[in-house]
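K.L.:
Sequence:
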Amino acid sequence: LPMAFGGPYLGFMSCTEKMMRKLPGRIVGETVDHDGRRAFVLTLQAREQHIRRERASSNICSNQALCALTATIYLTSLGKEGFREVAKACVSLSHYFASQLQKLEGVELQNKGEFFHEFVTIIPERSEEILRALAKNKILGGLKLDSDRILWCVTETATKESLDNVIDIVRGVLCY
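Residue 1372 in our numbering sits at position 88 of the sequence shown, with consecutive numbering throughout.
No lab work stands behind these hints: they were computed from the structure.
A couple of the hints might just be wrong.
Distance ranges between label pairs, derived from CB positions [stated by the list, open to error]: (1) S1446 with K1302: 23 to 33 Å; (2) A1355 with Q1386: 26 to 36 Å; (3) L1359 with E1398: 20 to 30 Å; (4) D1317 with K1444: 38 to 48 Å.
Quick reminder that beta carbons are idealized off the backbone N, C-alpha and C, glycines included.
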């Protein structure tokens, strides 16, 4: 889901069964309907936002519920194997992109450890210039952390060709 300009969003978390009723927000559970078909329901509805509103530590509006529904539909349509494939694509594409950026003179990765789909590059005093060049080419680049560092995120929606295009633009800025 896109970040929606600071509007509603959602997150996933896990916990022990003992802590489940202390989770804020709504919990979606999987069940079977009266025809034996797989279905999803809001579960554990004896939640504090319904029964003790004045002392509730959280609440949820319909926009968050719609975000949760969207994510549930997407993840269900992917299935277990599809979810695994999306994760593999994220890892593969992000590691490809990071390795290509790292080959450019003056670019280094901030952290040398493993990552999933986000990483930070250090490009001394050039982050603003790089992001401006990408924007000029209608590419939403990474997040400028400061004048030296950019946080990049690569998802399954990227292609090798689109990442190569970003590399070419960054190379153009650095060689100028």
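K.L.:
Each hint should be assessed against the structure and marked as holding or not.
P.N.:
Results for each hint:
no., hint, result
1, S1446 with K1302: 23 to 33 Å, "45 Å, violated"
2, A1355 with Q1386: 26 to 36 Å, "33 Å, holds"
3, L1359 with E1398: 20 to 30 Å, "24 Å, holds"
4, D1317 with K1444: 38 to 48 Å, "42 Å, holds"
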